[in-house]
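Based on the provided sequences and hints, a complete structural model is requested.
All residue numbers for the sequence shown refer to our numbering, where the first residue is 87 and numbers rise by one.
Quick list of the computed label-pair ranges, beta carbon to beta carbon:
{"id": "1", "residue 1": "93", "residue 2": "139", "range": "25 to 33 angstroms"}
{"id": "2", "residue 1": "155", "residue 2": "117", "range": "14 to 22 angstroms"}
{"id": "3", "residue 1": "105", "residue 2": "158", "range": "29 to 37 angstroms"}
{"id": "4", "residue 1": "91", "residue 2": "161", "range": "15 to 23 angstroms"}
{"id": "5", "residue 1": "109", "residue 2": "161", "range": "29 to 37 angstroms"}
{"id": "6", "residue 1": "160", "residue 2": "105", "range": "26 to 34 angstroms"}
{"id": "7", "residue 1": "105", "residue 2": "127", "range": "33 to 41 angstroms"}
{"id": "8", "residue 1": "157", "residue 2": "110", "range": "30 to 38 angstroms"}
{"id": "9", "residue 1": "154", "residue 2": "102", "range": "17 to 25 angstroms"}
Just so you know, these hints were derived from the structure itself, not from any lab. Since this is a predicted model, take the numbers as computed values, not measurements. From the three backbone atoms N, C-alpha and C, an ideal C-beta is built for every residue, glycine too.
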Amino acid sequence: MASLAAPKPALFHAGGRDHLFPEAGVESAYATLRAVWESQGAGDRLTTRVWPDTGHAFTSAMQAEVYTWLDVWLG
87 MASLAAPKPA
97 LFHAGGRDHL
107 FPEAGVESAY
117 ATLRAVWESQ
127 GAGDRLTTRV
137 WPDTGHAFTS
147 AMQAEVYTWL
157 DVWLG
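Here you go:
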């Protein structure tokens with residue numbers, strides 16, 4: 087479903103200790119997303135990150151990174 091956004095800029099964050107979305111599944115999904123964005127010549131528009139010590143949360147560090155990303159793409 088998320089691949090429908092390609093080739094638009096997209097950002098995905100996940101916590102490495104998130105029990106709802108285990109890291110192995112997230113990494114697999116990120117690889118699929120990467121392949122889709124790359125197939126559209128837009129690999130530079132996809133940002134993915136797993137925060138290893140974070141659970142199902144949106145921390146202040148994550149928020150700061152999102153604001154920086156938004157400044158780049160919406161600035």
